[in-house]
Amino acid sequence: MSFLEFVEGPLFYVAATIFVVAALWRLIGIIAMGRRKDISPPKGSATAGFFKGNLRHFFPRGIFTRRTAMHIFGGYAFHLGLFGLLLFAAPHVAFLSNRILFGLSWPALPRWGFIAVAEVAFAGLIILWVRRFSDPVMRMITDWDDRIGTWLTFFVMLSGCFALQESHDSLRAIHMLLVDIWLIYFPFGRLMHTFTFFLSRGNSGATYGRKGMTL
Amino acid sequence: MSTQTKAEIATAKFLEFTDGEVASYFESCVHCGECAQACHFFLSTNDPKYTPTYKLMPMVKTYKREKAPLAKIRKMFGLAPDPVTEEELREWEPLVYDSCTMCGRCTEVCPMGIDIAGTIRKMREGYAAAGLVPEGLQRAEEYVEKTTSPMGVTLKAVEAQIKHQEKETGIPIEIDKKGADYMAMFSSLEIMAYTDTIGAYAKLFKKAGVTWTISSAAYEATNVGVQIGSGPLAKSIVKRVVDAAEELGVKHVIAPECGHAYGAIRWAGPNLIGREFKFEVIHIVELLDKLRREGRIPAGTKDPRKMTLHDPCQLIRRGGLLKEPRRLMDDSCADFVEMKGAGLTNLCCGGGGGVSANPRAAELQKAAFSLKADQLKAIKDLEAVIVPCANCRSVFEDGLDEYELDYEVIGMGELVASTLAE
Chain D
4 MSFLEFVEGP
14 LFYVAATIFV
24 VAALWRLIGI
34 IAMGRRKDIS
44 PPKGSATAGF
54 FKGNLRHFFP
64 RGIFTRRTAM
74 HIFGGYAFHL
84 GLFGLLLFAA
94 PHVAFLSNRI
104 LFGLSWPALP
114 RWGFIAVAEV
124 AFAGLIILWV
134 RRFSDPVMRM
144 ITDWDDRIGT
154 WLTFFVMLSG
164 CFALQESHDS
174 LRAIHMLLVD
184 IWLIYFPFGR
194 LMHTFTFFLS
204 RGNSGATYGR
214 KGMTL
Chain Z
5 MSTQTKAEIA
15 TAKFLEFTDG
25 EVASYFESCV
35 HCGECAQACH
45 FFLSTNDPKY
55 TPTYKLMPMV
65 KTYKREKAPL
75 AKIRKMFGLA
85 PDPVTEEELR
95 EWEPLVYDSC
105 TMCGRCTEVC
115 PMGIDIAGTI
125 RKMREGYAAA
135 GLVPEGLQRA
145 EEYVEKTTSP
155 MGVTLKAVEA
165 QIKHQEKETG
175 IPIEIDKKGA
185 DYMAMFSSLE
195 IMAYTDTIGA
205 YAKLFKKAGV
215 TWTISSAAYE
225 ATNVGVQIGS
235 GPLAKSIVKR
245 VVDAAEELGV
255 KHVIAPECGH
265 AYGAIRWAGP
275 NLIGREFKFE
285 VIHIVELLDK
295 LRREGRIPAG
305 TKDPRKMTLH
315 DPCQLIRRGG
325 LLKEPRRLMD
335 DSCADFVEMK
345 GAGLTNLCCG
355 GGGGVSANPR
365 AAELQKAAFS
375 LKADQLKAIK
385 DLEAVIVPCA
395 NCRSVFEDGL
405 DEYELDYEVI
415 GMGELVASTL
425 AE
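Note that the protein sequences, when read in sequence, are chains D and Z. Sequence positions in the first sequence follow this note's numbering and run 4 to 218. Sequence positions in the second sequence follow this note's numbering and run 5 to 426.
Just chain D, same shape as in the assembly:
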């Protein structure tokens, strides 16, 4: 078995299993803690608030826009770019289709599209990363978990770009090895916000909704 076959085969399945099991464990663990029962007479719907809260926080409020502009731009650029690459890069579509989704496939980005989306994602990630050490607030609250998550994601993306042509097995193997490490790290660190954000937005939204508060 070649190194490439190993990182795309057994190691990938181990990493993916750890990712799924640990992420589910963490999510279920949070939900299983339950929410304190509120017996005050409601003025609105907590359930509606849960969903409204989730939607509302996608859109920044006008008064904060100027002060948070860099973060909004960096955040949206990085996340949209990353999801674009993850789901529509041609090698990813092929990999997901062949290895996980039993042949299910969808149209992939053309090469120029990949490059454009990758540039957006890198620009976003670099903005967020530069802010981590240039902004006094972020510098103070940033910890090792933030740094590991950022660097791992950066290297996964960078190695992915190197591996785009699939002309060298070693480049593809490096990318897959980093993906495996990223998958194993993901559920233990702050990268988990990918899945927990809907709980936090939903919880505050539910509290607000119950009180009949405008979101």
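Heads up, some of the hints might be wrong.
Stated by the list, open to error - Across the chosen pairs, the derived CB separations fall in these ranges:
1. Z/E92 with D/M73: 39 to 47 Å
2. Z/D180 with D/W28: 56 to 64 Å
3. D/A72 with Z/E139: 36 to 44 Å
4. Z/E412 with D/K40: 42 to 50 Å
Said to hold, decoys possible - 20 Å max Cα-Cα, derived SDA-like pairs, lysine to any residue:
5. Z/K68 with D/I31
6. D/K46 with Z/L326
7. D/K55 with Z/T349
8. Z/K79 with D/A26
9. Z/K53 with D/D138
10. Z/K71 with D/L30
11. Z/K344 with D/T71
12. Z/K344 with D/R64
13. Z/K76 with D/R29
14. Z/K71 with D/A35
15. D/K40 with Z/N275
16. Z/K65 with D/D148
17. Z/K68 with D/K46
18. Z/K53 with D/M143
19. Z/K294 with D/T68
20. Z/K79 with D/G192
21. Z/K71 with D/M36
22. Z/K76 with D/F22
No wet-lab data here; the hints were simulated from the structure. Quick caveat, the model's predicted, so the values are computed rather than measured. Ideal Cβ placement from N, Cα and C applies to all residues, glycine included.
Model the placement of chain Z on the given structure of chain D, informed by the hints.
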């Protein structure tokens, strides 16, 4: 006898108050620091330590070490945070009490929707249990134990103020009237400094044709327990109100123009005593709006002055009473102008959440008010500001004096009463 350290007591409370809701907040924070851009303490000082999410660190550490899913695996690899120490708790105490008014503006900017204000309230439970509470709030607690009022206002003083208002308005005000429609409560500041509020109620309720009373056992609405973070104290204060209201058999209890008092009785109250009330809680602004919509307190000549409205955080952002004060303003004021960011994102006055009762935080509060002063100054030819919270009102009066601004500060009840149709 148990010899638990302060750190052990506090961390035990932190864990007790960390349910799935709080856990979801701790698990979702990505350390983006956006919350700082909404915090009046950070905005007025530029000191990163006032970043709201940073204020939660001892509780976050405790959660990550002891309760978070996968915490054991993290511990195994030496990746769990160290236990929180008393020294650390003491270092954070000013951040938890002096520099957070629990205004909730940070939730509005947070991309994850984290309720930092609500979590600070829970974190204070740990601090209060461990006896790590600022002196000013400790004193307020002592006064409450002696007199039921955080300012030491006695029943005798209340009776004297009521008599004075009866004389002023010519309307009798009954104490402990059984079966009244409404039982009104006041904050100590209203009783001692803004006494006209009592007269305004008398005038408005007479016009509306509703019966009302003031309880000799529960005239005070301020809940210092909620501000300190002491569940047992908060519960005893709520219980006193509930016992008095149910003994009198009133249909409604009116929460006064005081932000935290409203939240304490309306939203926290039933949860604190573990049952629903036999009466309905209504905020005075909500009630005046309701009576106005029913045509029972029709508006007369509007106040001609240029006025703006301050949105007390616990009424508007965290209480849901966004439209009611605006409808009353439109009816009562000929030239009503909104402040920038009015409504959900309005700036806190800087003195809520027990900050104004904490002399150690005076300078910080003053700095935070500078932002409010700037908002007011931005309105050309402003003459008066309506502040439907007695605590905010007091902070406004001090702050306007400090920044040499000459605007009249008026309560909502007084405005509505003074513009009532004959």
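Status of each hint after checking the structure:
1. For Z/E92 paired with D/M73, a C-beta distance near 32 Å fails the hint of 39 to 47 Å.
2. About 58 Å separates the C-beta atoms of Z/D180 and D/W28, a value consistent with the hinted range of 56 to 64 Å.
3. Checking the proposed 36 to 44 Å range against D/A72 and Z/E139 shows it holds: the Cβ atoms sit about 42 Å from each other.
4. For the hinted restraint 42 to 50 Å between Z/E412 and D/K40, the CB-CB distance of approximately 45 Å keeps it satisfied.
5. Only pairs whose Cα atoms come within 20 Å are accepted, and Z/K68 paired with D/I31 is accepted, the gap being roughly 16 Å.
6. A C-alpha spacing of about 13 Å is found between D/K46 and Z/L326, which places the hinted pair at or below 20 Å, so the restraint holds.
7. Restraint check for D/K55 and Z/T349: the C-alpha separation of about 17 Å stays at or below 20 Å, so the hint holds.
8. For the hint pairing Z/K79 with D/A26, the CA-to-CA distance comes to about 17 Å; that is within 20 Å, so the pair holds.
9. Between Z/K53 and D/D138 the CA atoms are separated by roughly 13 Å; this keeps the pair inside 20 Å, and the hint holds.
10. Proximity of Z/K71 to D/L30 is assessed by CA-CA distance (about 13 Å); at most 20 Å being required, the pair is judged to hold.
11. Restraint check for Z/K344 and D/T71: satisfied, since their Cα atoms lie roughly 17 Å apart, inside the 20 Å limit.
12. With a C-alpha separation of about 13 Å, the suggested pairing of Z/K344 with D/R64 holds against the 20 Å cut-off.
13. For the hint linking Z/K76 to D/R29, the alpha-carbon distance of about 12 Å falls within 20 Å, and the restraint holds.
14. Distance hint between Z/K71 and D/A35 is fulfilled; the C-alpha atoms sit about 12 Å from each other, no more than 20 Å.
15. Taking the CA atoms of D/K40 and Z/N275, the gap is near 8 Å; set against the 20 Å cutoff, the hint holds.
16. Between Z/K65 and D/D148, the direct Cα distance comes to roughly 13 Å. Compliance with the 20 Å bound is thereby established for this hinted pair.
17. Taken as a hint, the Z/K68 and D/K46 pair is broken in the structure, with Cα atoms around 34 Å apart against an allowance of 20 Å.
18. Of the supplied pair hints, the one linking Z/K53 and D/M143 holds, its CA atoms being roughly 8 Å apart against a limit of 20 Å.
19. Among the hinted pairs, Z/K294 with D/T68 is inconsistent with the structure: their alpha-carbon atoms are about 36 Å apart, more than 20 Å.
20. Restraint check: the Cα-Cα separation between Z/K79 and D/G192 comes to about 13 Å, which is no more than 20 Å; the hinted pair holds.
21. Proposed proximity of Z/K71 and D/M36 is supported: the alpha carbons are some 10 Å apart, at most 20 Å.
22. The hinted pair formed by Z/K76 and D/F22 meets the criterion: a straight-line CA distance of about 17 Å does not exceed 20 Å.
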